[in-house]
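Please put together the full structure from these sequences, using the hints given.
Numbering-wise (our numbering), the sequence shown opens with residue 789 and increments by one.
Hints in this document: simulated from the structure, not taken from any laboratory.
All residues carry an ideal CB built from backbone N, CA and C; glycine is no exception.
Watch out, some of these pointers could steer you wrong.
The calculated label-pair distances, taken between Cβ atoms and stated as ranges, are [what the hints assert, rightly or not]:
#, residue 1, residue 2, range
1, Gly-860, Leu-1009, 16 to 24 Å
2, Pro-1024, Val-857, 25 to 33 Å
3, Gln-921, Trp-1039, 52 to 60 Å
4, Phe-1050, Pro-834, 45 to 53 Å
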Amino acid sequence: MDLFVVSPLVIGVLFVVAVLAAFIDSIAGGGGLLTVPSLLAAGLSPAQALATNKLQSVGGSFSASLYFVRRGAVKLREQRLNIAMTFIGAMGGTLLIQHIQADVLRQILPLLLISIGLWFLLMPRLGEADREQRLHATGFALIGGGCVGFYDGFFGPGAGSFYALAFVTLCGFNLAKATAHAKILNFTSNFASLLFFMFGGKVVWGTGVIMLCGAFIGARLGARLVLSRGQKLIRPMVVTVSAVMSAKLLWDSHGSVILAWFAAL
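This is the structure in structure tokens:
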């Protein structure tokens, strides 16, 4: 399936969805909650939807990363080890997901996302200002880069929130600085995953490129707000997106059980 067999109306909707998703993703993560279901609804197979979503995600994360680097919020030279470990981790995760099922992770992930949301909600001063770094550079590269990168390649939802949380808790960054650095690693893991999806021939290029353009615009708008509004904007969005992602994943896994439970009341 490609651009030429998709109606202009559907392409227009997907473009708008990509703008909105990238805007949200550049601030709090979770944009895939909008783009993947939209691609599936447009008629793409699950494999095509995931692969094409990675293409548009690369556009959004690159746009935000470029903005943060140009504004001096991130110094790439200082992130070389983190980028390398993230790339390696994402490659490993992408290779593994093609051979095993992610059902166990799908059951655990809502609990992790709820924990992130509660952490930011109940600790209002978390990420308010820079604090002492708790982990040396190599240790952070392995955990904040390699492990989260592996997760992003293996499964994906909420990876941006995990990167940002790692920078806040392990590096002592304030929330705006953590979000800026998180997009660099998010772009790295998205790009690594996209390479393997390209080799598999699953990317729907016409549709994906249109969405990539939308994501580039949306991410640039969101990145500007990160630097201008900082913690006041990021914290409520992280809490909200974590709650919505948790609810969506719980519904996908246990929707029939939830409906049966309500019917029995």
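Hints, one by one, checked against the model:
One distance hint, 16 to 24 Å for the beta-carbon pair Gly-860 and Leu-1009, holds here, with the actual separation near 19 Å. A hinted range of 25 to 33 Å holds for the C-beta pair Pro-1024 and Val-857, which are about 26 Å apart. One distance hint, 52 to 60 Å for the beta-carbon pair Gln-921 and Trp-1039, is violated here, with the actual separation near 39 Å. Between Phe-1050 and Pro-834 the beta carbons are some 28 Å apart, a value that contradicts the proposed interval 45 to 53 Å.
In this structure, the hints that do not hold are numbers 3, 4, in rising order.
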